[in-house]
Every structure is written in structure tokens, then in C-alpha cells.
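Given the coordinates of chain A, work out where chain B should sit on it, guided by the hints.
Protein chains: 2
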Amino acid sequence: MADSSDSGAYDFWYWPSIPGRGEFVRLTLEACGIPYRDRAREDGAEAMMKDMAGHVEGPAYAPPYIGIDGQTVSQTANILMFLSERHDCGPTTMKTRYWLNQVQLTIMDVVAEAHNVHHPVAAMLYYEDQKAEAARAAEQFRKERIPGYFAWFEKALKAAAGDWLTGSRWSYADLSLFQLVSGLRYAFPKRIKSIEGDYPRLMKLCDLVAAMPELKDYFRSNRRIAFNNDGIFRHYPELDAA
Amino acid sequence: MADSSDSGAYDFWYWPSIPGRGEFVRLTLEACGIPYRDRAREDGAEAMMKDMAGHVEGPAYAPPYIGIDGQTVSQTANILMFLSERHDCGPTTMKTRYWLNQVQLTIMDVVAEAHNVHHPVAAMLYYEDQKAEAARAAEQFRKERIPGYFAWFEKALKAAAGDWLTGSRWSYADLSLFQLVSGLRYAFPKRIKSIEGDYPRLMKLCDLVAAMPELKDYFRSNRRIAFNNDGIFRHYPELDAA
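Here the protein sequences line up with chains A and B, keeping their order. Here the first sequence stands for residues 1 to 242, where the numbers follow UniProt numbering. Here the second sequence stands for residues 1 to 242, where the numbers follow UniProt numbering.
This is chain A alone, in the form it adopts within the complex:
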């Protein structure tokens, strides 16, 4: 598969004003030193909708996606597995490949649930039109779901022979775990503060990613988009509690 652009850089597309699912892909592109153009940030969301509609073979249902070879690679976990395999960035044995994909898909399940908290009735309605339902959803998410998922991540890290999910070397799924916890901390600061002590390995992993030399420049750059209340992780104080 050849890159679609003359420069050899990937055409990466995602909503330009939120970190959302796109940020999971950006972290891996940046940490692995893979050249890319953040096309919707260059050309706008309308250009993205036009590009997406124009794909006949192998279309994307939704961003994020990479345009390559006349078709798309979309779905966050799929993009990450593809990049990791194609660029030999991270563990490559069959066992580790499917283990990382398993973790990544579980991370994406939490991402979807985090979005459902403020949009339980319908993604296409405003939060303001489903606030009562969101308050009920948030309570379950804070009390049951976050601890359940965090306990599973902690268990997975405890069995690893090192600080990372597959042992001694970081992978895209480690970067994604960092981004997930960061997003939850933005959305539910009181809740995360009250439980983080129960998950020392998970929290250490987050600290390690935050300090990665491969990401130092990126974190300081304007390529990194801050969490905000148009995205997946939103801070509505009324939905948070210790």
C-alpha cells in the first residue's frame, strides 16, 4: 500500500477542534515519528466531509480516518493496529498484536461509554435536551463502570513483566490508556482523585507517557488539542462527584 500523498505523509482526518478519538491516533503518529498531515486542521471540517463522501472503495463511516491508496483506514483501534504493523512500531508477535488490540478495543468501549454519559438518549440531540437522563447515567458510570474498567487495566498491568502493557516497551495501547485516563480526569476530576490511589500501576503508566521524550515536543506544540466541552470527554460539574 502506497501513501496517497506525494510527500509520503499520511492524510489524517478528524474533527479539527476536539481531541476526541482522533487524539488516540495522533499520539501514536507523533510517538512513532510517522509523518502525517492533520488535514481537517489545515483545510477545515467541510473539506473532511467532502473527502469522506468522495471515497467510493473502502469508505469510512466516520472520522478519524487515514486516506490511503484510494481508500480509507478508519475506526480508531483499526488505524492504530495498522500503523503499528506497517511501521513496526511496538510489539509484533501474533500474541502481543491481538493482546494490544484487545486492550485498545476495551479502551474504546470506555470512550463510547464516556460519551454516552452526556448523551444517553441520542448523540444527535444536545446535552441540554437530556440532562436528567445524563445525571442518572453519570452516577452509574462514576460508581460502577470507571472502577470496573480501572481494576481490569490494573490487573493487566500487574501481570505484565514491566511498566507497560506488554512489558518493557511502550505500545500504542499504552499511549491510549494515558489519553483515556487524562480524559476521564478532565471530565470527572473529583471522582478520579478519590479513586486513583487504588490503581498505582495505571497511574504510573500515565506519568511515564506524560514524560516520554518522544512526545515532549508534541505536548508543548499547538498540534496537541486541549480537552473541551465540545468533545467526548466533557466537564459538566453537575455530573461529577467523589
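Please note that a few of the clues may not be correct.
To be verified - Derived lysine-lysine pairs resembling DSS-like cross-links, with alpha carbons at most 25 Å apart:
{"id": "1", "chain 1": "A", "residue 1": "K143", "chain 2": "A", "residue 2": "K190"}
{"id": "2", "chain 1": "B", "residue 1": "K216", "chain 2": "B", "residue 2": "K143"}
{"id": "3", "chain 1": "B", "residue 1": "K50", "chain 2": "A", "residue 2": "K143"}
{"id": "4", "chain 1": "A", "residue 1": "K193", "chain 2": "A", "residue 2": "K204"}
{"id": "5", "chain 1": "A", "residue 1": "K193", "chain 2": "A", "residue 2": "K143"}
{"id": "6", "chain 1": "B", "residue 1": "K50", "chain 2": "A", "residue 2": "K155"}
{"id": "7", "chain 1": "A", "residue 1": "K131", "chain 2": "B", "residue 2": "K143"}
{"id": "8", "chain 1": "B", "residue 1": "K95", "chain 2": "A", "residue 2": "K50"}
{"id": "9", "chain 1": "B", "residue 1": "K204", "chain 2": "A", "residue 2": "K131"}
Unchecked claim - Per the computed footprint, the stretches of chain A lying under chain B, defined by three or more beta-carbons under 8 Å from a beta-carbon of chain B, are:
{"id": "10", "segment": "49-58"}
{"id": "11", "segment": "64-75"}
{"id": "12", "segment": "189-201"}
It should be emphasised that the hints constitute simulated quantities derived from the structure, not laboratory data. Glycine is no exception: its CB is placed at the ideal position from the N, C-alpha and C atoms.
Just chain B now, with coordinates in the frame of chain A:
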């Protein structure tokens, strides 16, 4: 990776009384002729919870999963990609592998949304405790989401050089599309009947899977679990409409 059981058959685990996400895996195991033991149907759900808790390395967050080599392969799309690669069952080029995974992950998104329709507030509460919210969620799902996804599947099939997603040969994602449409037809019979004419390629694909010689015995057997209202696809007449 060696099979964990002496017989060479996979240990497959999923809730024993519903088709749910497990059925996507069963269809591929059966159509590809891969030996497996449906462990929770043999030994019960309690045995599954015990087995799942016992996995230290590479644990599963939730069923379905395959126990193999002392760890698990879980997450439906991950299991299917793993089986397809390991058993050379379906297209194997890098391009087709990631395309099928992209489609499968989009199918799993619809599955999750179909469950959210009757459990919009929390998966851990009863439907009866969130009926009002479910009625609102169902309207959006019927009117906007199903047609949006179906249009995308139809577009993908239109670009394929044949009746299947990758052309002339079925893959696990084709089997999954059949199962998805079957589930939606069970849950929303009025709605599917009123729109199915708009998606002739998708409906033809479902007919082709239903008639596959590789699945003939399976469909007649008691290994195939019927849709029911304990599962992901549930028929609540009050949530359906043309």
C-alpha cells in the same frame, strides 16, 4: 500459540442463553469448520465467571472470549480477526484484513447502539427502570442511525467486485452483517420492513449467508441460539414503528 485443550478445540466462552456478541464468533467458527467447545453452554455461566476471574495474564474484560495459551483473546472483532488470520479463513492481504476489521468494528458500534436503545441510562439497570428514556432513544435509532449505517454498508457493497464485502468470497464480516441485520429485524420488524427495499445489496448478502452450505447444519442445530428479550437485540413492540 497452541490450543489450550487437549482435543485441539478452542475453549469458547459466552453467556449461554443469548446470541448476543457471542453469535458473531460462533458463525465464523462454524462456517470455517474450526473445532470449538461452547464452554458456558456445557458448564454454565458460573463456570465462565470463575474461568474469567482465573486468568492472570491477558485477562478478558467481558465475554465473548477464547481461552488459549494460558491467556484470552477477547473483544468480538479481535477474536474474528484472530481466527481469520490463524485459520486462513477469508482474505489475507493487508488491505483486506484492515478493511474487514474496519467494517466489523462499525458493525460492533451498531450492536452497542442497539443495546443502548433499551438501556440508555445504564446497562446495569432494568429496561423497566428506563422505559421513558428508551422510547426517546429508539426513535433516534430507528429514524437516523439504522438508515445511516445501512446506507454505508450498501455503499461499501456497491464498490465491491462481487456480492461480498471483499468481492467474490465471503468473510467473517459478511457473516456478521447477516447477524446484525437479523438482530435488527427481530428487534424492529416494522422499521426494517419499511426500509429494506432501499438496500438491495445488503439484503441480498443476508439471503446469501442464510443459504450458505457451510452453515446449513448449524442453522438447524440447537447450537444456534434464537434471539430473545434477555439479549442485545430485544423486541419491545413499543420501541418499534415503521
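Here is how each hint holds up against the structure:
no.: 1; hint: K143(A) - K190(A); verdict: 12 Å, holds
no.: 2; hint: K216(B) - K143(B); verdict: 34 Å, violated
no.: 3; hint: K50(B) - K143(A); verdict: 24 Å, holds
no.: 4; hint: K193(A) - K204(A); verdict: 14 Å, holds
no.: 5; hint: K193(A) - K143(A); verdict: 13 Å, holds
no.: 6; hint: K50(B) - K155(A); verdict: 16 Å, holds
no.: 7; hint: K131(A) - K143(B); verdict: 22 Å, holds
no.: 8; hint: K95(B) - K50(A); verdict: 23 Å, holds
no.: 9; hint: K204(B) - K131(A); verdict: 42 Å, violated
no.: 10; hint: 49-58; verdict: holds (count 3)
no.: 11; hint: 64-75; verdict: holds (count 6)
no.: 12; hint: 189-201; verdict: violated (count 0)
Comparing the model with each earlier hint shows violations of hints 2, 9, 12; every other hint is respected.
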